[in-house]
Amino acid sequence: MKKHNQKAWLFVLPVLILVAFNALIPMMTVVNYSVQETFGDNLFFWEGLGWFEKLLRSDRFHDALGRQFLFTGLILIIEIPLGIAIALSMPRKGFWVPVCLVTMALPMLIPWNVVGAMWNIFTLPDIGLLGYFMNHTLGINYDMTQDPLAAWITIITMDVWHWTSLVVLLAYAGLVSIPDAYYQAAKIDGASNWAVFRYIQIPKMKNVLTIAILLRFMDSFNIYTEPFVLTGGGPGNSTTLLSIDLVKIALGQFDLGPAAAMSLIYFAITLLVSWLFYTLMTKDDLN
Amino acid sequence: MALELRQVTKVVGSNMHIKETSLVLEQGHFNVLLGQTGAGKTSLIKLMAGLDKAASGQILMDGIDVTNQSPQKRQISLVHQFFVNYPHMTVYDNIASPLRLSGMGKDAIAKRVNETADILQLIPMLQRRPHELSGGQQQRCALARAIAKDSTVVFLDEPLANLDYKLREELRDQLPDLLAGRGAVVVYATSEPEEALLLGGKTALMDDGQVTQFGPTAQIYRHPKNLNAARVFSDPPINIAEVIVRDNQVELSPEITWPLSSNAPKTAGTYTLGIRPNFVVPQKTSASQVALKGRVMVSELSGSESSAHFEMGCNAWVSQAHGIHNYTIGQEHDFFMDPSKCFFFAPDGALIA
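Residue numbers (full-length UniProt numbering), protein chains in the order written: chain A, 1 to 287; chain B, 1 to 353.
Pulled out of the complex, with its shape left as it was, chain A reads as follows (with noise of 0.2 Å):
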């Protein structure tokens, strides 16, 4: 029979403590608030399931994931293919590649609550340039702190602002990696531009593109300061994400048991989505 040496353990150890106290003791103690009610003094009343029935049937968190679905789909609609069409108009050698690079790089090097502030100042109807020029030159009624579309236009924009770069450096990185051949033996066939971006860009960036996807939807899913900062949530509720709702419960209202099933909730929505597209995407690759 074979000796098993259970020493190694020792070896994974260390990890096991630090994927300890930075996921699961703080996870389970959101599952533990998730389940109870209490009114503070440490007292805790058994809640079962009920925080989560209540919440799934309630109609603020239906809306609030609405909008969160929305926010997250328009600024991936938006991004990925600004982002592919800048990385294919970039320079693949030559003085004006770093210049491109490092300007492309400066948007996601800002603070996020200072991206906030930033679009916040710039679209205030009185003082800010854009919000200036949208009321007083233009003539267009421009205020995303009475309008709930312009507020939707602003976070979006400014989101786009923020994040097109990621995906423009990771479309950029997929493309210099493609072989010289590849586009020579496209020119043999004479194939036209489009073909050379279906059938070459496309596939070849198809790896870097699918990182860009999931690195935007998480984010762009779990986003809370830019918007907090920028709108608050409002006006009224139509700007409060996902996010922003949890820390109102939480922090606002104090309900730690909501609150708590929420962020589960939230949590398996993020967890699920990435799965599945990471999943189908990589499908071909695996057999």
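Honestly, I wouldn't trust all of these hints.
Rough simulated footprint, nothing fancy, chain B against chain A, three-plus residues with beta-carbon under 8 Å [to be verified]: (1) 199–207; (2) 218–232.
Mimicking EDC-like on lysine to aspartate or glutamate, the simulated pairs with C-alpha atoms at most 16 Å apart in a straight line are [stated by the list, open to error]: (3) A:LYS187 to B:ASP52; (4) B:LYS19 to B:ASP208; (5) A:LYS54 to A:ASP219; (6) B:LYS53 to B:ASP65; (7) A:LYS283 to B:GLU132; (8) B:LYS111 to B:ASP93.
What the hints contain is simulated information worked out from the structure, not anything from laboratory work.
Just so we're clear, the structure is a prediction, and the values are computed from it rather than from any experiment.
Every residue gets a Cβ at the ideal spot worked out from N, C-alpha and C, and that includes glycine.
Got chain A; can you put chain B on it based on the hints?
Below, chain B without anything else, positioned relative to chain A:
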């Protein structure tokens, strides 16, 4: 069909990548471009294919100037060292794609694809994608793409370099049959002298962006124009030594001399002697052979050949012989060379005899 280059050059920045080159490549046999990595084989192929623009000179196909024509108009195919196929298409679609772009009918395409796939043993893989194939199969797919098309010139740029030994031999044997009777000019770039010899036809030796010699392969092998050509066309590298010719004999060192034979220089002086490793052997096989002595530094077996790297005076030489020979590393061994196989080069490198 013939492909002609007239004083073609290629300049990148301030560097001359291809120095003035004139060549006439014909159909019916392989045209091998033989040269080491960086000699300009790929650059020359890109020029001929129309993927790069020549800085000056003319390229003609059947007498028609195609210098400014696109690769597509030139009706060529190109097989790369890397296996280049459309990643998202099946093998069938890959082979069919150039045919579709040329406007061929559906039935004709199906017939052509199946014929080509049959020759290259790709029939069972027609519905697979390139990434589901082995390296050899991927390259066969790329070859099929190139061959299925009615091209006037087929360029093969080190097509076997990335394949393993067995596959390389197999495909190399098949290639001449595949391309025979297609009426296309076949240009084959390689860095291996052995491959040039096996494929026959004509060889253009390339060195430093220049075609140094062009002609029937066997002739070039036997009469390299200069020392450089001899170097390019020898693997392992050709053995070289300074010799003195005087008093009707050749002197490699005070101890090693032999009488002048018909292939030696007529006038006395200092020359560079070159002899291919396979004419330096560890056993005496004929009376005319000249005996050498050398300290064996490295010995190796490859297939049914043994080779020994030995030091003789200040020269490092290689011997290559059939069969298995045992050498003791660090020991002096006897070697024998055939003086009739020696080349003599003048101090400027030109072949004397």
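- Hints the structure violates: just list their numbers, smallest first. Going through the list in order, the structure violates hints 2, 5 and respects the others.
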